[in-house]
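Asker: Listed below are the residues making up each chain.
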Amino acid sequence: MRRELEFFVPAADEVARLQRVKTPEAEWFREVAEEGHNGGRGPGVTRQGIYAATAGGRFLASINTRSPERMVAMLREARERWDELTEEERAATREAGGARPEDRYPEGGLALLAHLRDLPREDLPDDWRADARNLDRAWFQREELAGLLPPDPGRRRSEGPVEASLAQRLARLHLVDNVRGQAPLFRPECVVEAELSVRVVRVKRGRAELEYVGRARLEERGRWAVEHPGRRKVEADRQRGYAAALRGEAVWNLEDQRFERFDLVAAGPRWGATQFNGRYDDEGPAGMGVLFTLAPSEDRVAPAYHWAYPAPRPVPQER
Amino acid sequence: MSSSPRARLPRLLVLAAGLLPAGLQAFADPCGPAPGPALGQEPSPAPALAADLPATPGPLEEREWSRLVDWLTPPVEELEWLEIGWAPTLEEGVRRAALEGRPLLLWAMNGHPLGCT
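Each protein sequence line maps, in turn, to chains Z and L. Residue 73 in my numbering sits at position 73 of the first sequence, and the numbers go up by one each step. Residue 1023 in my numbering sits at position 23 of the second sequence, and the numbers go up by one each step.
Rather than coming from a laboratory, the hints here were simulated on the basis of the structure. Don't be surprised by glycine CBs; every beta carbon is placed ideally from N, CA and C. A few of these clues could be false.
[Stated by the list, open to error] Partial selection, computed: residues in chain Z whose CB lies under 10 Å from chain L:
#: 1; residue: Asp13
#: 2; residue: Gly49
#: 3; residue: Ile50
#: 4; residue: Pro151
#: 5; residue: Asp152
#: 6; residue: Pro153
#: 7; residue: Gly154
#: 8; residue: Arg187
#: 9; residue: Pro188
#: 10; residue: Val301
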């Protein structure tokens, strides 16, 4: 498989946005996808899958499968079609730009990976769900960093609350049960509590060692449907939530004004199921954990709920 | 090569007793919540709403926190698929494909395939 893959430039992207927005990039995708495995099925049908195409947007092959054998067959088919193209057809290019969520990457701010996983328990099913994990990102812009710091980061024992709006955002958008699939974010009214405080434990060689402590509780009641394999979808009165203790350690470089380390854990019971989060037979309560840690600098994938992040704050004018 | 998730379970369960904060121990109880009905059965059309929701756990102690960090950090082999060198956006993939004169292979999913799917 890896040998077959090396012939191609691999790329990954979120399909719902590409099916919806009006940018040259999304139009490039929609035209290619229309010739693929789900083409012609109307705009409401997902175009999830794997597509091979030229940079100019000429469709080569597509598939939506987890089978390695079928995947290899698709790659070979795409390569055969590529080989049949003229040099001119292969070299053709087409505009595929436009605004993207990654445009708001927090340069000079804090970009975190969020690792989600169930806490250990015995009654997990005997399949992939036994060790399911998911990965998200959490972003804080440069101008938001002060809200994550104590009043005087250079002074030992300085302490204070993390800015409420940041703690709330962390809870609403990132303490969501996405271990097995995606659930909707929590609306602001679902936040029962979201508190995080920070204090300076030690100051050494221009670096402040910080400790974070807090708790969060999210609760939602409503009426929604849950997808269940092999069964009809049933809309019903439901509830979901997450109640977590939070604790973290971080290192703040006082001169460079940046985090050199950031490890924050949320752990506690989650409950309920949503349409696509795979909890149809596992509504809990059961333990779930989230670990936030620094993202590598080259990682630019946007948070899953990037659209719910606030608009950038105006940068103060220098006098 | 890593062991299968199921093969790792007994070890994880041994860890569980010491891994969870006191407020979470109930959720690792082997006699905890029963699994849902088997495939092929109709689900209850209206799941019972729990009257008593779980309490918010108390503070995490340092030792518990360290164990949770280990538990939640993915092992290196879980992240090998990221070594493929994916362009993280269609736009970037098209740009690279044009520059390198190669075809593009796009993995498009609900939820970013390199992130939360």
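Asker: With reference to the structure, classify each hint as holding or not holding.
Answerer: Okay, the hints, checked on the actual structure:
Below 10 Å, beta-carbon pairs count as interface contacts, and Asp13 (chain Z) has one with chain L at about 4 Å; its hint therefore holds. Using the Cβ-Cβ criterion of 10 Å, the hint placing Gly49 (chain Z) at the interface with chain L is satisfied: the shortest such distance is roughly 6 Å. Taken as an interface hint, Ile50 (chain Z) checks out: its beta carbon lies about 5 Å from the nearest beta carbon of chain L, inside 10 Å. At about 22 Å, the closest approach between the beta carbon of Pro151 (chain Z) and any beta carbon in chain L exceeds 10 Å, and the interface hint on this residue is violated.
Interface restraint check: Asp152 (chain Z) against chain L, minimum CB-CB distance 24 Å, threshold 10 Å, status violated. Because the beta carbon of Pro153 (chain Z) sits about 21 Å from the nearest beta carbon in chain L, more than 10 Å, this interface hint is broken. Of the supplied interface hints, the one on Gly154 (chain Z) is violated, with its beta-carbon coming no nearer than about 24 Å to a beta-carbon of chain L, more than 10 Å. Because the smallest distance between the Cβ of Arg187 (chain Z) and any Cβ of chain L comes to about 18 Å, over 10 Å, the interface hint for this residue is violated.
Taken as an interface hint, Pro188 (chain Z) does not check out: its beta carbon lies about 18 Å from the nearest beta carbon of chain L, beyond 10 Å. Because the closest C-beta pair between Val301 (chain Z) and chain L is about 5 Å apart, less than 10 Å, the hint holds.
This entry does not satisfy hints 4, 5, 6, 7, 8, 9, going by the numbered hints stated previously.
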